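Enquirer: Each step along the sequence shown adds one to the number in our numbering, with nothing skipped, and position 418 is 418.
Don't read these hints as lab results, they were simulated from the structure.
Don't take each hint at face value.
To be verified - Okay, the calculated beta carbon distance ranges per label pair:
hint, residue 1, residue 2, range
1, Lys724, Glu686, 15 to 25 Å
2, Glu194, Ala665, 47 to 57 Å
3, Leu548, Leu449, 54 to 64 Å
4, Thr555, Ser389, 15 to 25 Å
Unchecked claim - Below, computed lysine to any residue pairings styled on SDA-like, alpha-carbon distance capped at 20 Å:
hint, residue 1, residue 2
5, Lys171, Gly224
6, Lys363, Glu423
7, Lys66, Leu94
8, Lys484, Asp496
Source: prediction; values computed, not measured.
Backbone N, C-alpha and C fix where the C-beta goes; we use that ideal spot for every residue, glycine too.
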Amino acid sequence: MRKRNFLLSMFVILLLGGQVIWAQDADFSKLSPYTRILLDKVASQDTLSGLLKSGMSGNKLSAFVKVADEKGWDVLISAGCEIQTRVNDRATVLIPYKSLEALSEQPEIAYIQAARPMVASMDSALRASDVLPAHLGMGLSHPYTGKGVIIGVIDQGMDYTHPTFYDAEGKNFRIKRVWDLNSDDTHEELVTQEEILRAGGSLDSKTVTHATHVAGIAAGSGAGTPYKGVAYESDLCLVPSSFSDVDLANSINYIFQYAEGEGKPCVVNLSLGNGLGPHDGTDNLDYMINEFCGPGKIVTAAAGNSGDMPLYVDLMTPSDTLRTFVLRTSGPDSPHTFIDLWGDKQEGLFSVCLDLYDTKQGKTIQTSDFISVDNRRGGTYKFNSEDKSRTYKVSFRPQLYSENGKYNMMIYIEYPKNTENEEVFLLRTATKGTPVRAWSFENSLFSDLGKGTRYRAGSSDYSINSPATASEVISVGAYAARFKFRNVYGKQLYWDGYYRNELALFSSVGPTLDGRIKPEITAPGHLVVSSFSSFYLNTQAGMDADSLYIVKNITKDGKQYSWGAMSGTSMATPFVSGSIALWLQDNPTLSPDDIRDVFSRTAIRDKGIEYPNGAWGYGKIDVYKGLLDVLGTETSNEEILTTSPQEAVSVYNGSTPGSFHIRWASMPETFTVHVYDAAGRHWYGEKVNTPSSVDYRINVGQLPSGVYFVRIATEKGTVSRKLKL
Numbered sequence: 001m002r003k004r005n006f007l008l009s010m011f012v013i014l015l016l017g018g019q020v021i022w023a024q025d026a027d028f029s030k031l032s033p034y035t036r037i038l039l040d041k042v043a044s045q046d047t048l049s050g051l052l053k054s055g056m057s058g059n060k061l062s063a064f065v066k067v068a069d070e071k072g073w074d075v076l077i078s079a080g081c082e083i084q085t086r087v088n089d090r091a092t093v094l095i096p097y098k099s100l101e102a103l104s105e106q107p108e109i110a111y112i113q114a115a116r117p118m119v120a121s122m123d124s125a126l127r128a129s130d131v132l133p134a135h136l137g138m139g140l141s142h143p144y145t146g147k148g149v150i151i152g153v154i155d156q157g158m159d160y161t162h163p164t165f166y167d168a169e170g171k172n173f174r175i176k177r178v179w180d181l182n183s184d185d186t187h188e189e190l191v192t193q194e195e196i197l198r199a200g201g202s203l204d205s206k207t208v209t210h211a212t213h214v215a216g217i218a219a220g221s222g223a224g225t226p227y228k229g230v231a232y233e234s235d236l237c238l239v240p241s242s243f244s245d246v247d248l249a250n251s252i253n254y255i256f257q258y259a260e261g262e263g264k265p266c267v268v269n270l271s272l273g274n275g276l277g278p279h280d281g282t283d284n285l286d287y288m289i290n291e292f293c294g295p296g297k298i299v300t301a302a303a304g305n306s307g308d309m310p311l312y313v314d315l316m317t318p319s320d321t322l323r324t325f326v327l328r329t330s331g332p333d334s335p336h337t338f339i340d341l342w343g344d345k346q347e348g349l350f351s352v353c354l355d356l357y358d359t360k361q362g363k364t365i366q367t368s369d370f371i372s373v374d375n376r377r378g379g380t381y382k383f384n385s386e387d388k389s390r391t392y393k394v395s396f397r398p399q400l401y402s403e404n405g406k407y408n409m410m411i412y413i414e415y416p417k418n419t420e421n422e423e424v425f426l427l428r429t430a431t432k433g434t435p436v437r438a439w440s441f442e443n444s445l446f447s448d449l450g451k452g453t454r455y456r457a458g459s460s461d462y463s464i465n466s467p468a469t470a471s472e473v474i475s476v477g478a479y480a481a482r483f484k485f486r487n488v489y490g491k492q493l494y495w496d497g498y499y500r501n502e503l504a505l506f507s508s509v510g511p512t513l514d515g516r517i518k519p520e521i522t523a524p525g526h527l528v529v530s531s532f533s534s535f536y537l538n539t540q541a542g543m544d545a546d547s548l549y550i551v552k553n554i555t556k557d558g559k560q561y562s563w564g565a566m567s568g569t570s571m572a573t574p575f576v577s578g579s580i581a582l583w584l585q586d587n588p589t590l591s592p593d594d595i596r597d598v599f600s601r602t603a604i605r606d607k608g609i610e611y612p613n614g615a616w617g618y619g620k621i622d623v624y625k626g627l628l629d630v631l632g633t634e635t636s637n638e639e640i641l642t643t644s645p646q647e648a649v650s651v652y653n654g655s656t657p658g659s660f661h662i663r664w665a666s667m668p669e670t671f672t673v674h675v676y677d678a679a680g681r682h683w684y685g686e687k688v689n690t691p692s693s694v695d696y697r698i699n700v701g702q703l704p705s706g707v708y709f710v711r712i713a714t715e716k717g718t719v720s721r722k723l724k725l
């Protein structure tokens, strides 16, 4: 066994004035392009930006690992790895740097992908989406408030002490569990009210307020203000996050395990995402989330805030060259950007080149070779400005991604500090038959600079983020329920370009590359008022940045707490999370497919638009109408419910323990029946062909005493019935 350290086994080859850094022994096909870019930075002892640090955990790499066979788990353990969350043949793993090279060469290890960064993507909102009738219990047996449901929030900037996280009377504290992944390597878990309130807030609560706002939309009580969240009596499980995709997978697993232990259904809110990856649902994070989800286990994710940004470009004509300029967007201090290119057919080859271009003089300063995606080593180049005062570092890292069989080239551009935008990169992509798509992520966009048809401008097409691309995730876009508001100082603020009930300009659009409709639904996401972190507002940054947006202050125990307006699909997503919590209150076994079905039957649709589509999904969420549909009353168009749902199919207890009967008003040719408990655990399933009677007896055996949900499906629809056994 070779003992050489991966980071010390790098050597340098000079090529055409550029510097190419390669690893001698590692199997590149098993290391994702992002992993190799990260390790290049570590090897060269460069300072890592905040986003790149998401892949680091002390002297270990945080990563997704796929094993080739069961022996792979033993190989990982023998290499000193810590296996965190395991799902089938994949897991989140902490890998010692010294073990990376050896692991990549082991036949039992199929793939290693370093943790990648994610970014953060009630009054008028409650009215616009028809929440108030559900809160009031209009025409229902009781109000629906999310009671008995757990909402998980994975985010940054949480103020645990905010009064909105108590009940409406300010007595019962509803944050039941906290797992702070920003607490160094300890990942502190807080399990009692005393521990949580003593901590006060997450470690990042002084620098950002995003999580406090998001959680307030989903579950805030309002604390006597008009700014009540959707599921204001639900319990909260919070995970302040580093915003890496690996931590995200671990966090979702943690929340669902907690909810299962409590015997309650759960919806996990992800108001975050990134534009990297295949955009077809085959990403490692997408895969793991799909495996986590099921009856009573729902994940919502923000579509993204790139709907008005040209971050996507494609070359769909074979035998041609794509030319597009990569423009820096975040000013002279933005450290880097990523360009992620994917072939549009399996094993389709293409080549990529970058030119450093001076926009003032209209000329190319320096160029790289074309690098083919089947050149497994890729390369790292240095580009110098014409006066040699500035140096740009560019890495090309290709792969053949085994999950979809497509070639991928990731380009990482590291900018020199204090560089103005007259120097840009020209991206050239050559192909002889493979359509190519590209996305930019962080601090850049695509432009043709007005140079005519030989150059391609960017667009916002296919801007849906990961993990909103996952098939089992409920993806959420945003519309404007308001376009103006009056702040606490009496100043009325307006936003041009936004109109009530129209799609928010920033809302990212689908579909996914494999043709699935994303997002599935839209909700209010522009100028939504919710809770702000008091710790953040007490800093100068908070006062400077957000004083204009505060609309309400109250004082509790001598401390000021605030509510303010924010915009984004980050705000629309918790609105949908809270809405689903109301539905889970009635039927804790709802699955992602069930929820999509509810959207398809009850969403608000504007005239003249064909639904579903890649901007609106099924339309705007109607919470009350959706609740009626879940209850099986009034709005349902499922044929098996006919005009009287309780008579069409009913369930009643049998004469012996563990038995019950299904009685039909009109006997179907075939049906399936499944039994779940209140936590969504599956206890029994059966397919019944040609039943002999309209009254069919089921014997499930000895089950723990409690309330169960019987899901009955025919070719015409599905219903659920409660049953106490």
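Enquirer: Against this structure, judge whether each hint is valid.
Expert: Structure-based check of each hint:
1. Evaluation of the 15 to 25 Å hint for Lys724 and Glu686 yields a pass: the beta carbon distance comes to about 20 Å.
2. As the Cβ distance of Glu194 to Ala665 is approximately 54 Å, the hint placing it in 47 to 57 Å holds.
3. At about 35 Å, the CB distance of Leu548 to Leu449 disagrees with the hint of 54 to 64 Å.
4. A hinted range of 15 to 25 Å is violated for the C-beta pair Thr555 and Ser389, which are about 55 Å apart.
5. This hinted pair checks out: Lys171 and Gly224 have alpha carbons roughly 12 Å apart, not beyond 20 Å.
6. Distance hint between Lys363 and Glu423 is fulfilled; the C-alpha atoms sit about 10 Å from each other, no more than 20 Å.
7. Of the pairs offered as hints, the one joining Lys66 and Leu94 holds, with about 13 Å between alpha carbons and a cut-off of 20 Å not exceeded.
8. This hinted pair checks out: Lys484 and Asp496 have alpha carbons roughly 9 Å apart, not beyond 20 Å.
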